[in-house]
Structure formats: C-alpha cells, structure tokens
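**Student:** Chains as they are written, first to last, in the numbering used here: chain A, 27 to 235; chain B, 862 to 1048.
Calculated from the structure, these hints are not laboratory results. Think of the CB as a built atom: it goes at the ideal place given N, C-alpha and C, for glycine as much as any other residue. Some clues are possibly wrong.
[Unchecked claim] Negatives, chain A to chain B, calculated, CB over 12 Å:
{"hint": "1", "residue": "A45"}
{"hint": "2", "residue": "R66"}
{"hint": "3", "residue": "R73"}
{"hint": "4", "residue": "L77"}
{"hint": "5", "residue": "N86"}
{"hint": "6", "residue": "Q88"}
{"hint": "7", "residue": "Q108"}
{"hint": "8", "residue": "T114"}
{"hint": "9", "residue": "R130"}
{"hint": "10", "residue": "T150"}
{"hint": "11", "residue": "Q153"}
{"hint": "12", "residue": "Y161"}
{"hint": "13", "residue": "D225"}
{"hint": "14", "residue": "R228"}
[Stated by the list, open to error] Okay, the calculated bits of chain B under chain A, using three or more residues with CB under 8 Å as the criterion:
{"hint": "15", "segment": "923-933"}
{"hint": "16", "segment": "937-943"}
[Said to hold, decoys possible] Simulated restraints, written as ranges between beta carbons of each label pair:
{"hint": "17", "chain 1": "A", "residue 1": "A231", "chain 2": "B", "residue 2": "T937", "range": "39 to 45 Å"}
{"hint": "18", "chain 1": "A", "residue 1": "G196", "chain 2": "B", "residue 2": "T937", "range": "24 to 30 Å"}
{"hint": "19", "chain 1": "B", "residue 1": "W998", "chain 2": "A", "residue 2": "T150", "range": "41 to 47 Å"}
{"hint": "20", "chain 1": "A", "residue 1": "A48", "chain 2": "B", "residue 2": "A1025", "range": "32 to 38 Å"}
{"hint": "21", "chain 1": "A", "residue 1": "R162", "chain 2": "B", "residue 2": "M992", "range": "47 to 53 Å"}
{"hint": "22", "chain 1": "B", "residue 1": "M980", "chain 2": "A", "residue 2": "D218", "range": "42 to 48 Å"}
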Amino acid sequence: MRSVPWMRTAVASLVICAAGGALAWRGTDGFRAFTTEQARRLAIARRPRALPVVALDDQNGQPFTLASYRGAPLAVDFIYTQCVSVCTRLSASFERLDRAERARAAGGGNRLRLVTITFDPRDTPEQLRAYASRYRADGRDWRFARVHDARELPSLLGAFGITVIPDGRGDFQHNAAVHVVDAEGRLARVLDIDADPRDVVRTLAESRR
Amino acid sequence: MRRGLLASGIIALLALPWMRQRMESAMIVHMLVQIPLLAGMGALMATALPERWQSSLRAWNGNGVSGTLMALGASTWWMVPRALDSALASPAMEVAKFVTLPLLVGAPLSLSWSRLGGMGRGFMIANVLPMWAVVGWLYVAAPVRVCNFYLVEQQTTAGAGLLASSIALAVAVGCLAFRSRPSSSAA
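The shape of chain B in the complex, shown without the other chains (with noise of 0.2 Å):
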C-alpha cells in the first residue's frame, strides 16, 4: 500500500508543470529519465496490488506472456519520434503518456517478468537492447532531424544517451550471466 501512495506521489510529481518543463526540455531526460521514471512507477504500484487482484490478473496473463507483449507494444511507441513531439504539441497526448507507461508499460512488465521463462526473457532482452541501440544509432547518424520539438544536438545526444545505455545494460547482462552459474557445474 505504501509503495503504491509513493509511486502514485512520484507520478503527481513528474506531472508538475515545472518539471515536465524541465525534464521534456531536453530530449534525453525525456527519453532516459521521464519516459523510464513513469514506467517504473507503474511496476512499483503493481508489487502493491492486493494478492486478490494479481490472481485474477494471472489469469488472463498466463507465464506472463500477455503481459509482456502490452509493455513492448506500449513502450515501442513512445520511441517513435512522432509519439514525443506529439506528447509536447498536444495535451491530450502527454497525459495518455503519464497514464500508458505506468498502466500499459511497468505494471504490466513488474507482473509479468517473473512469471516469464527464461526463453522469454532472453528474447525480451536480446530484442529490447539492441533495438534502443539501432534507434540510438539513428538518432546519432541521421541526417534528419525526426523530432520537430528538438533540436539536433539534443538528437545527437538523446542518441548517444540511448546507445551508452543500451551497451550498458548488455554489459550487465553479460557479467548476470557469467555470475549465476547453472548447478550443474557447481563444485
């Protein structure tokens, strides 16, 4: 219960004015902070669900399959550039993001990852990573500028932002899994 009022007060937070302003002002606190701090909060509420609720929820989320595809369908639009010029153009747009990526993104995610096997989560990741990398890449290479509402410095850098944090986060991967040895080879 707690973590649901914190996670909820920390959503009510990020939807200040003063702090949207601050934080979409840059595309890489958008992108990396905003966008990740929202859908987190949503899979902090999710662990304070009553027991009841989650069962139920199961239900429909078998291995949590369901639940993981709503969180990448919903997350892989808010990479598309429309999606966060439209968020900034548009009020309409930018509370379905305050709303999509706790409810349809972290929720979904916090319920579903542990119940996913371990097929499902090496796709996940294996898919997921690389798929920020190339968008990283993009926004680093092209010559375009794919968001009306950024400047291409900002691109460059939401860029640079998305591919550090892509390799990162297969760095980490990497060192999980040479950590956690099967038992087979366990002394």
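Extracted from the complex, chain A is given alone in its bound form (with noise of 0.2 Å):
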C-alpha cells in the first residue's frame, strides 16, 4: 500500500492548484486586472456606473450638476490646480482634444463637451479661472468645477474610482483617466490619459441604435 500516501498527496496538490487558480482567475477578473486601476476600468467597461447627483461650482461660480449634460456624452477629468505632474498631462490632453472638437463644431456637427473636477479644496474658483486660460479653454463647451459642498467630494469621488492621498507636502497623488460619461449619465469607460475618448464615444453612440 505504499502508494496511498502519494495518492493523497497528488490529490491535495490537484485540488490546491485547481482552487488556487481558480481564485487567481476570479482575484484577477481573469487574470486582466493585476492593479486597482485596472480592475475600475474592467469593471466600468463592463456595467457603466450611476453617478450621484453632486452639486458644482464652474469657474465663474455658476452651479450645475453633470447630470444637466444628459442626453449627450461627456468626458470628465479630475486634477488640483496647483499639480505640475500627471494633471498637466491630463490637460494637455484635454487641450487637444477640446481643440479638435471645436473644430468639428466649428463645421456644424456636435462636439463632446468636456469637465474638469478638482479634488483640492482650496482650489478656488478664481483659481480654475487662471487654469482654464492656461488651457485656452472657453469655459463653455470645457468646464472647470468644484464640488460645491465639500462633503459630498468623498462619494463623487468614490463613484468614479478617484483615491486622492496627500502626500504631506501640499500636493496630491492620485490615479488619472479620462472618463467618459454616456448619454444616459452613467461612467462607462475609464481610458488612459493619452488616449482619445472619442473613439469610445463613437462606439456608445452605434451601440445605441
């Protein structure tokens, strides 16, 4: 009977293998998402998301709220004005594509409107002023916004996926996308900060009809 004990081993090796992978794979969403930002972008493409309705603060100290952008999509960034890293990055991306959208307006066709959220409650509207005219934004068709209670910023931010951390020294670090907001309002996709949403916004819009 010598080969009892190696049996029992072979099996609880099988079954350790079977169920650890098998954890790996659900742990990973497949093995697809091997970070937090990988597993929000997964997850949002998957099922868009319901945003809750969070009153804002543009540049001019105008109140509005995204879900006053319905029936059209939209894409959302998030930054601190005083940042000089990864949001600089993030606005020159926007630049270029606010640019190009005016652009296309310019030739009659709808643009993608664009809001810029801060998550620095000593940005103050004067301030998204100065940063929108660094980016030659019109204030318009690209909005700079602030939470207008900054007790609701958690859940904006929780709704989204933002983890803001200060880093001690007056600045932040926290994760940068481009999100696109669909025309029923949900987040739908999270995209790199170089990438163009509106290729995404093209695919929303022919899966509509």
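Put the two chains together into one complex, using the hints given.
**Tutor:** Structure, rendered in structure tokens:
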C-alpha cells in the first residue's frame, strides 16, 4: 500500500492548484487586472456606473451638475490646480481634444463636452479660471468645477473610483484618467490619459442605435 | 503549546487598529514586515500542533509537496498590487490577509520545508528569490503607480526593499552552500 500516501498528496496538490487557480482567476478578473486601476476600468466597461447627483460650481461660480449634460456624452477628468505632474498631462490631452472638437463644431457637428473637476478643497473659482486660461479653454464647452459642498467630494470620487492621497507636502497623488460619461449620465468607460475618448463615444453612440 | 499562544498573541497584536494603521501606512512595512511576520507566526503555530494532527496532515503532504504548493500560491497572491490595495480598502480582504498568511503560507511551509527534498528546496529558492527581485525591480523602475493607496515614492522604497532583501537572502543561501560541504570532500 505504498501508493496510498502518494495518491493523497497528488489529490491534495491538484485540489490546491485548482482552487488557487480559480481564486486567482476571480481575483484578477481572468488574469486581466492586477492593479486596482485596471480592475476599476474593467468593472466600469463591463457595467456602466450610475453617478450621484453632486452640486458643482464652475470657474465662474455658476452651479451645475453632471446630470445636466444628459442626452450627450461627456468627458470628465479630475485634477488639482497646483499639480505639476500628471494633471498637466491630463489637461494637455483635454486641450488637444478641445481644440479638435471646436474645429468639428465649427463644421456643424455636435462636439464632445469636457468637464475638469478639482479634488483640492483649496482651489477657488479664480484659480480654476486661471487654470482654464492656461489651457485656452472657453469655459463653456470645457468647464472647470469644484464640488459645492466639500462633504460631497468623497461620494463623487468614490463613484468615479478616484483615490486621492495627500503626500504631506501640499500635493496629492491620485489615479489619473479620462472618464467617459454616456448620454444616460452613467460612467461608461475609463481611458488612459493620452487616449482619444472620441472613438469610445462613437462606439457608445453606435451601440445605442 | 506556549509557542502557539505566543504566535496567536502576536497576530492579535498586529491586528490592533493602531498597529495596522502604523504598519500599513508605508508600503515597505506592509510588504516586508507585516506580511512576513504574519506568515512567520503561522509557522510558529504549526510547530505547536499536536503530533497526532501533524501526522494526519503528513499523509496528505508527501515530501511536503502539497504544503509548499499552497504556501507558494497564497504568498504570490499577496504580492499582487491589487491584493495589497484590497486589504486596505475592504475589511473582508484585510481579515482574509490575517487568516491566509498564517494558515495558508506560514503553517504549511513550516510543516513542509524540512520534508522537502534538496531539489524541492533548491527549486523554491531559485524561483522565489528571483521573483521577489523582479517584482522589486518593477516597483523601482515602473513609470506607473501600481497601488492606488500608496504614493510613488513608497512604491520605489518598497521595490528597493524587496530587491535588497532578495539579494541579501541570495547571498545568505550562497554562503550556506559554501559552508555546508558535502561529506565526500571531508578532510
């Protein structure tokens, strides 16, 4: 009966490998998401997420909500105006997009509208205006906003899946991406900073038809 | 028995909110102190298991193969950036970390290591150390932040720590290889 202990070990090993493989498959969304950011993007693409209605103030102090954009897709990003790193790349990407979309609108098309939201409670409408002019935004089709009531910021960031950590020196670290909100007002896709959201917008529009 | 109590006591201490907050606020402490400590306490607990239990476990763990597999799989999971994040974001995952590291990493490894043959041990060392070194190197060199809950600088320090500890362990293994001479070449 020398084969019995060997058999048990083989069975145990097989069970461990199968269970471990199944758990790893589930825990990484089929070996596709090894970071929280990848997981967030996959989850949103798979199931667009409803967004809470949060009162925002734009760079002129005008109140509005993201829900007011319903009916047309929208691109949203999150920044803080003092940022010198990743936000500037994000805003430069929005600037390129804004310019291209302005040209398209001049040709009679519907343009994609942009909203940039600050998560820094220190940012004032004046600072947002200065930031807007730095990227030559008109403030209408590309708006800059802060949350009206700072207590609502966590729920907005939570819905988008943005994690912001203060680094203790007055700056923040945060995950940066381009967020596409669909015509139904749901967060539908999260893209890389330099990605062109218009391809996604087109796909979304086609899938609606 | 006393070792089992000591290990459970240390795990309970590590689970205190104040302690967790201290250890998990820095990625390097989370990865290189808290996680190894939890696994180590599991190893200590396993040595306190009654002989009767140990022998019935041995029946399923011939040459320590299945236990090593279990420890390898469970420990690899806790090196995934998403897993580290999830332990900070969700209490359920944090509990899972505190349970699986002692029970599925430390304990099986301690029950298996002495029974693993020379080839098995060599295989483990030759696989695990380079894996740590590569993960460490990635954390140092990657232009992206892999954890949403840690700053880039923390990622770099943790990566350097992983790299340094894997090199240190490799040197230690190398020294041991020199020291323990095979009997054939004895004086």
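**Student:** Take the hints in turn and mark each one as holding or not.
**Tutor:** The hints, checked one at a time:
1. A45: violated (9 Å)
2. R66: Not fine: 8 Å to the nearest Cβ puts A:R66 too close to chain B.
3. R73: For A:R73, whose nearest Cβ neighbour in chain B is about 18 Å away, the distance exceeds 12 Å, so it holds.
4. L77: The claim stands: A:L77 keeps its Cβ more than 12 Å from every Cβ of chain B (closest is about 19 Å).
5. N86: Per Cβ check, A:N86 is outside 12 Å of chain B; nearest 32 Å; holds.
6. Q88: holds (32 Å)
7. Q108: With a cut-off of 12 Å, A:Q108 remains clear of chain B, as the shortest Cβ separation is near 16 Å.
8. T114: Given a closest Cβ separation of 16 Å, the condition holds.
9. R130: holds (31 Å)
10. T150: holds (26 Å)
11. Q153: holds (24 Å)
12. Y161: holds (23 Å)
13. D225: holds (22 Å)
14. R228: Holds, because the least Cβ-Cβ distance between A:R228 and chain B comes to about 27 Å, which exceeds 12 Å.
15. 923-933: holds (count 6)
16. 937-943: As far as the segment 937-943 of chain B goes, the hint holds, because 4 residues have Cβ atoms under 8 Å from chain A.
17. A:A231 / B:T937: 39 to 45 Å: Taking Cβ atoms as reference, A:A231 and B:T937 lie about 42 Å apart, which means the hint holds.
18. A:G196 / B:T937: 24 to 30 Å: violated (38 Å)
19. B:W998 / A:T150: 41 to 47 Å: Once the Cβ atoms are compared, 43 Å apart, the range 41 to 47 Å for A:T150 and B:W998 holds.
20. A:A48 / B:A1025: 32 to 38 Å: holds (34 Å)
21. A:R162 / B:M992: 47 to 53 Å: holds (48 Å)
22. B:M980 / A:D218: 42 to 48 Å: holds (45 Å)
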